[in-house]
Amino acid sequence: MTGDVNALASGGCHIFSGCGFPAPGLQDFEWKPFFTIGSVGFTKPMLLAILAALVVIVFFWVAFRSPKLVPRGMQNIGEVAILGVRDQILRPSLGRKGDSYLPFLVSLFFFIYIMNVMELIPILQFPVTSRIGFVWPMVFIVYFVYLYLGVKNQGAWGYLKNMIPPGVPAPIYVILVPVELLRFFVFQPFTLGVRLFGNMFAGHLLLTIFTIASWYLLSLSVGLIYAVGSFALAIFVFLLETLVTLLQAFIFTTLTATYIASSLEASH
Amino acid sequence: MSDKGNTKFTAKRVTAAENRAKGLDIGWTVSGYLVSGMLAYGLIGWLIGRAVHVSLLLPVGMLVGLAISIGFIIYRYGVQGAAAQPKSQRTSTKGDDR
Chain E
1 MTGDVNALAS GGCHIFSGCG FPAPGLQDFE WKPFFTIGSV GFTKPMLLAI
51 LAALVVIVFF WVAFRSPKLV PRGMQNIGEV AILGVRDQIL RPSLGRKGDS
101 YLPFLVSLFF FIYIMNVMEL IPILQFPVTS RIGFVWPMVF IVYFVYLYLG
151 VKNQGAWGYL KNMIPPGVPA PIYVILVPVE LLRFFVFQPF TLGVRLFGNM
201 FAGHLLLTIF TIASWYLLSL SVGLIYAVGS FALAIFVFLL ETLVTLLQAF
251 IFTTLTATYI ASSLEASH
Chain X
1 MSDKGNTKFT AKRVTAAENR AKGLDIGWTV SGYLVSGMLA YGLIGWLIGR
51 AVHVSLLLPV GMLVGLAISI GFIIYRYGVQ GAAAQPKSQR TSTKGDDR
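Protein sequences appear in the order of chains E and X. Note that this note's numbering numbers the first sequence so that position 179 is 179, with each residue one more than the last. Note that this note's numbering numbers the second sequence so that position 60 is 60, with each residue one more than the last.
Check before you lean on any hint, since a few could be wrong.
As the list claims (entries may be wrong) - Quick list of in silico lysine-lysine cross-link-like pairs, DSBU-like style, CA-CA up to 35 Å: (1) Lys22(X) / Lys152(E); (2) Lys4(X) / Lys97(E); (3) Lys22(X) / Lys4(X); (4) Lys161(E) / Lys22(X); (5) Lys68(E) / Lys4(X); (6) Lys97(E) / Lys12(X); (7) Lys8(X) / Lys32(E).
Claimed, not checked - So these bits of chain E aren't anywhere near chain X, every CB distance computed over 12 Å: (8) Cys19; (9) Met74; (10) Ile132; (11) Pro137; (12) Val179; (13) Val228; (14) Gly229; (15) Val237; (16) Ala257.
Unchecked claim - So these bits of chain X aren't anywhere near chain E, every CB distance computed over 12 Å: (17) Lys8; (18) Ala51; (19) Val54.
Everything labelled a hint here was simulated from the structure, so no lab data went into it. Every residue gets a Cβ at the ideal spot worked out from N, C-alpha and C, and that includes glycine.
Chain E extracted, bound-state conformation:
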């Protein structure tokens, strides 16, 4: 985090005290490395990503290490989590035949959700997915699965052919090829990644702005009224983000499920 924000938090930098508002920006997404290995710095987002993976692995391992027919304790929560993904994300797109993809979708959903929700947990308070470098590998994995299943089930030529629905006259086919190729290989993966990144980036920036503004405006002056307003907005954005973190994980995983469904059989 930047020196400006740290100085504001530790010092008495308030309105009318002579110091300007240290507006949050891109610098608040840059972290000093804890240590470096060669030329690679190990930063807070990296630590949080590892932590998120561990949380998912440990949670499901503890929940299902000795599963009982009548679930108790953690197994109950684990089953609710898995059934939630199965009934709300997997089955609506893939049906029962897609149940073999449940482990992939459950892992993806909870990994993204934990990384997102870290934004709202004190001390951690940073959404890993607001750094786009953490989003692209997930998009690549999803796209690899998507393409692999498509080619495996429909054949390379059949897969490309099935991108355009049947019954289209040959000249139209030719006209549509550039549009389909660009949509499939550029627009679709780009929006899949940028949607998640953009939402988390914007949410974190909003939270930072209103939190810092509340502290900065806090003074025995007219600023106090604005500080209260800013604090109320910070709480509102916090509540909104509890929804957004879940929604973005849901959208990413639902779209992955629909992509897999279209790979398993042509979309017509």
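Once you've looked at the hints, dock chain X against the given chain E.
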């Protein structure tokens, strides 16, 4: 709640989840076509424009791409979509005198 009521409730939830997934997919596919059409034909127009020194071909290409995308969306989700739907679910008001 009775078993019948439970089944009805579950069926409703399943339909809602299916519609949500379908809507999300169609929504992003349609916006994908709109942007991709403009970009693909904008690029083709720009490349031809560079070759023949006519800079106007970039916006012309974009407009052509947009027209192609809109036409295809109407065909795929309008004409084909309506044909794929059962007659009872069609929302056409043709012949409706209300």
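Query raised in the report: If you check each hint against the structure, which ones fail?
Result: Numbers 7, 12, 16 - these are the hints that the structure violates, sorted from lowest upward.
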